[in-house]
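K.L.:
Chain by chain, the residues:
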Amino acid sequence: MKIKKTEIVDTFAEAFEMWGSRVIITADTLGWARAAAQSMTGFATSVIRCKCEAAVECEIAREDTPDGRPGISVLLFTMAKDNMSARLVDRIGQCVMTCPTTACYNGIPSEDTVPVGGRLRYFGDGYQISKKVGDRKLWRIPVMEGEFVVDDSFGVQPAVGGGNLLIYGPNRSTTLRASLAAADAMKEISGVFLPFPQGVVRSGSKVGSKYKGLIASTNDEYCPTLRGFAPKTQIPDGIEAVYEIVVDGLDEESVAEAMKRGMHTAAEKGATLISAGNYGGDLGKYHFHLNKILEG
Amino acid sequence: MSIKLTLRTRTNVPLEAQCINPDTVKHLSQSGVEHLEVIHGNETARLGDFFTVKGKGHDTIHVEGDTSNVKYLGAGMTQGEVIIDGDVSMHLGCAMTGGKITVKGNAGDWVGPEMSGGQIVVKGNAGHMVGSAYRGQPTGILGGEIFVHGNVKNEAGNSMRRGLIAVGGNAGDFTGVNLLAGSVIVCGEMGARAGAGMKRGTIVSFSDAEMLPTFEYACTYHPVFLRFYLKHLRDQGFDIDDRYINGRYDRWSGDSIELNRGEVLLFNR
Numbered sequence: 001m002k003i004k005k006t007e008i009v010d011t012f013a014e015a016f017e018m019w020g021s022r023v024i025i026t027a028d029t030l031g032w033a034r035a036a037a038q039s040m041t042g043f044a045t046s047v048i049r050c051k052c053e054a055a056v057e058c059e060i061a062r063e064d065t066p067d068g069r070p071g072i073s074v075l076l077f078t079m080a081k082d083n084m085s086a087r088l089v090d091r092i093g094q095c096v097m098t099c100p101t102t103a104c105y106n107g108i109p110s111e112d113t114v115p116v117g118g119r120l121r122y123f124g125d126g127y128q129i130s131k132k133v134g135d136r137k138l139w140r141i142p143v144m145e146g147e148f149v150v151d152d153s154f155g156v157q158p159a160v161g162g163g164n165l166l167i168y169g170p171n172r173s174t175t176l177r178a179s180l181a182a183a184d185a186m187k188e189i190s191g192v193f194l195p196f197p198q199g200v201v202r203s204g205s206k207v208g209s210k211y212k213g214l215i216a217s218t219n220d221e222y223c224p225t226l227r228g229f230a231p232k233t234q235i236p237d238g239i240e241a242v243y244e245i246v247v248d249g250l251d252e253e254s255v256a257e258a259m260k261r262g263m264h265t266a267a268e269k270g271a272t273l274i275s276a277g278n279y280g281g282d283l284g285k286y287h288f289h290l291n292k293i294l295e296g
Numbered sequence: 001m002s003i004k005l006t007l008r009t010r011t012n013v014p015l016e017a018q019c020i021n022p023d024t025v026k027h028l029s030q031s032g033v034e035h036l037e038v039i040h041g042n043e044t045a046r047l048g049d050f051f052t053v054k055g056k057g058h059d060t061i062h063v064e065g066d067t068s069n070v071k072y073l074g075a076g077m078t079q080g081e082v083i084i085d086g087d088v089s090m091h092l093g094c095a096m097t098g099g100k101i102t103v104k105g106n107a108g109d110w111v112g113p114e115m116s117g118g119q120i121v122v123k124g125n126a127g128h129m130v131g132s133a134y135r136g137q138p139t140g141i142l143g144g145e146i147f148v149h150g151n152v153k154n155e156a157g158n159s160m161r162r163g164l165i166a167v168g169g170n171a172g173d174f175t176g177v178n179l180l181a182g183s184v185i186v187c188g189e190m191g192a193r194a195g196a197g198m199k200r201g202t203i204v205s206f207s208d209a210e211m212l213p214t215f216e217y218a219c220t221y222h223p224v225f226l227r228f229y230l231k232h233l234r235d236q237g238f239d240i241d242d243r244y245i246n247g248r249y250d251r252w253s254g255d256s257i258e259l260n261r262g263e264v265l266l267f268n269r
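The listed protein sequences derive, respectively, from chains A and B.
Counting in this note's numbering, the first sequence runs without a single skipped number right up to 296 at its last residue.
Counting in this note's numbering, the second sequence runs without a single skipped number right up to 269 at its last residue.
Keep in mind the hints are simulated off the structure, nothing from the lab.
All values reported here derive from a predicted model rather than from experimental measurement.
Taking lysine to aspartate or glutamate and the EDC-like style, the derived pairs with C-alpha atoms no more than 16 Å apart in a straight line are:
{"no.": "1", "chain 1": "B", "residue 1": "Lys231", "chain 2": "A", "residue 2": "Asp135"}
{"no.": "2", "chain 1": "A", "residue 1": "Lys269", "chain 2": "A", "residue 2": "Glu7"}
{"no.": "3", "chain 1": "B", "residue 1": "Lys231", "chain 2": "A", "residue 2": "Asp64"}
Residues from chain B that keep clear of chain A, each with C-beta distances beyond 12 Å, as calculated:
{"no.": "4", "residue": "Ala45"}
{"no.": "5", "residue": "Gly55"}
{"no.": "6", "residue": "Glu64"}
{"no.": "7", "residue": "Gln79"}
{"no.": "8", "residue": "Ile83"}
{"no.": "9", "residue": "Gly124"}
{"no.": "10", "residue": "Gln137"}
{"no.": "11", "residue": "Ser207"}
The C-beta atom is built at its ideal place from N, Cα and C for all residues, glycine as well.
Could you put together the complete structure from these sequences and hints?
P.N.:
Here's what the structure looks like:
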């Protein structure tokens, strides 16, 4: 299949079951909310070494946030539900509670919840106060400018992690331009996020390594510098760079929609070829077939 | 479709009509509702002796007529809705655990005593002891919400342990006296000795108040949590100006003769 001159490889992206949460950060100004969100989503590119994947989802207008102040929505995914509470407590505690004027709320109304404020409250050293407004239980933790307000628990839901596109191009600048444009277009879809810097990955990985103890290593099949001798190179003639876009989402449909939008945008911006990464289909529950997505 | 109860004539002595709650009438026929027991002064009578009953088998009850001398409406209800067109007397929603009571007029003393859930809305004024503990009892309401759009008299929230009491107008003396926890929000002025003997909990007023000497000023700040309450009250039909949502409040801690973990927040003009 082709989108104009861009070839779409007949393959699929293999994605995994994860657990997703949505964190709403508000502050007196959007700038402070964004500062907390950026801090909270730092070093959260891949579960391989970061224990979670997270990124800013979108800005939220003050009239749509729980406390009527400017807000930022953050999505944070983990591989296991049991890990979610610890990840949220660590990141909210260190990156949001510390940030001036912020408050932090659950963004997924689910009966499936994990404790967050209920654990962070101990920072209050006995001076914390709980409040219940309607169905919402909040904790007020005294801090040096007033109080940090955080929801007692956060909703979690099954999610999809590891949807991906491989963008091939004739040189690094063209390929990067196409990849960046694709990533920006994919971020527009609600409920998805791209955990890597600007959404673009240059160090795609394969499972395992020749070195004992490493669970992942460079994906040599896609490294142009190894084309001469890598045993199974996937770099065709005329290709000098490949970038990966990893996309996580709260559901399968939004990931597929993001991938579709990404493929069209990358093709418009000069990608030579678009493929996707998989592990033969045995590891991940979700298979996003590129051609089916484009036909759908 | 709902059950409509219309009081035919105003009673001169109080009528205790605890049976007027959705749990009791929901599964009864019209005749069954008419035969429910009420206390008229010191005598037992039938509901049908005073009320005209229309409809059956529904968990919404409309009460019409001059019910200003009818007590215990909605007492003990766990679900459903009671809508009262006029005024009511004492003990409205006593010990209710769920559902909603709306009074379009005024309510007497002891609104929602021993309440632990549900919602009471009084569009007019209410008397003394709103959401308070009965005398001799250690705790007042254990949960739920009481919204009085007009004024209340003394001791609103006496010994309450959980829940929310909101007053659109002024409150009398001893607002939140002996408060254990929970929140009392007064959009107007509070009378003397607000928070006397409070252990924990929150009392808020949009007006200044003279604090007891056993309360200590802590700071003037933006309480973020209060935005939730005020937005919630706005959703309930209270006229809450943005300046109260975005404004700063003086925080007083007390009562130091007790646990000293309570707070009184007074809007800072």
